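**Q** So you can see what is in the structure, the chains are spelled out below.
2 protein chains.
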Amino acid sequence: MVEWIALDGDDTLWHSQDGFEEVEALFREIVAEYVDPDTARAELYATEAANMSALGYGAKAFTISLVETALRLSRGSIPATELDRLLDAGKGLLTRPTRLLDGAAGAVEELAGRYRLLLVTKGDLVHQERKVAESGLAEHLDRIAIVSEKDHDTYRQLLAEEGAPAQRFLMAGNSLRSDVLPVLEVGAWAAYVPYAWTWVHEQVPDGAPDGVPVLSSLAELPGLVAELAAA
Amino acid sequence: MVEWIALDGDDTLWHSQDGFEEVEALFREIVAEYVDPDTARAELYATEAANMSALGYGAKAFTISLVETALRLSRGSIPATELDRLLDAGKGLLTRPTRLLDGAAGAVEELAGRYRLLLVTKGDLVHQERKVAESGLAEHLDRIAIVSEKDHDTYRQLLAEEGAPAQRFLMAGNSLRSDVLPVLEVGAWAAYVPYAWTWVHEQVPDGAPDGVPVLSSLAELPGLVAELAAA
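As you go down the protein sequences, you meet chains A and B in turn. According to my numbering, the first sequence is numbered sequentially starting from 12. According to my numbering, the second sequence is numbered sequentially starting from 12.
Bound-form chain A, shown alone (with noise of 0.2 Å):
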């Protein structure tokens, strides 16, 4: 019987990959008279996971990242009006209108008040902030953990935080990497929700771990915990 459900926010409730990939395209553009388009994409990653431990995600990381693989790739050859139009691409990333993914609305205003619902996202305080208050989602959610990292641990403390025992915890998101093997470690349920891109980053070789349900859109979660409950 799952009392607890928690939600990851980017590429689950609301869109937000696809336009890490717009500006990607554009780096790609931008970069193309110095590198062809696979290297570009292998070496901006490369930036972004060299990077990471300091700069943590998000859109503020990514312009960081942009900024300083344009100017290596180029070896610093790059026009300033290029490195400028990178940083618009990035920073508009941190004001884009928040759009929700379709079946989103609907099952957190059907799931909300029958559980406790909870929002569970990483990135750019501010950003995620921004993203929950454009979405409209916020009176129906119990609680906002914007954190850092989501692994084992993160799930552990929030599972110890909420006096919630693992098998009545159930997070539903795009994630494998983030929000699916980690839960599964700390003995809760997980949904996959896969999304249109996966950054790298969140690319699991292996796919869905067997038996861990793949849902089309959130607006199949609801029927998903009344199945669990049934069972």
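Quick caveat, the hints were computed from the structure, so don't treat them as lab data. Predicted model, so just to flag it, every value in this text is computed and none were measured. Not one of these hints is a red herring.
Put simply, identical chains are the same to the list, so a pair is met inside one copy or across any two.
25 Å max Cα-Cα, derived SDA-like pairs, lysine to any residue:
| no. | residue 1 | residue 2 |
| --- | --- | --- |
| 1 | Lys-102 | Leu-37 |
| 2 | Lys-102 | Leu-112 |
| 3 | Lys-102 | Trp-208 |
| 4 | Lys-102 | Glu-145 |
| 5 | Lys-102 | Glu-160 |
| 6 | Lys-102 | His-26 |
| 7 | Lys-102 | Phe-31 |
| 8 | Lys-102 | Glu-213 |
| 9 | Lys-102 | Ile-155 |
| 10 | Lys-102 | Val-143 |
| 11 | Lys-102 | Ala-207 |
| 12 | Lys-102 | Ser-146 |
| 13 | Lys-102 | Ala-61 |
| 14 | Lys-102 | Tyr-206 |
| 15 | Lys-102 | Glu-44 |
Guided by the hints, dock chain B onto chain A, whose structure is given.
**A** For chain B alone, kept in the frame of chain A given last:
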């Protein structure tokens, strides 16, 4: 009778602004061939202020503003090597070792266990968590609140979550704007512990309001709290 004591992090428990001042000095040196130092400083702060609602506070926002301002002040003619120096210096703030202020550790140890002790800090989530971990103070803190803004709403919500009556809550910090004025607004106690530098954004024209205790170091905080108890 104070039962809750909240402490600011940056420039109250550990040094922070000195690092930003160093990087700003490097910035002024780098743009010196385009503008005079006062203009450099004013333009950097204008960029930071314009970026604040989207980017928030902290070293990542500062790094983006450094690059953006240097491009603008040089009309795009700044060499890439200088942009690299700015990126490195800005990112370096995020991995700079955490150095406690004199008196901070002793005060925290003395207060821990006798009061409910909170850290209330704003900035980058990842960076603040790193500083808390490096500070060695986490074991003495009952709660760590990393927030996007420290205004009266933030303190009101914190008091509500803690179930703390305002008159039993005291906040100590180096910023009149973030640690003192909004705390007084909600009817709680505040102690002002000035730091050597105050970021322009945190400066308040009139100085500390009458009656607000001004401490020369956190070492004086346990004595102040004892006085409040006796009064």
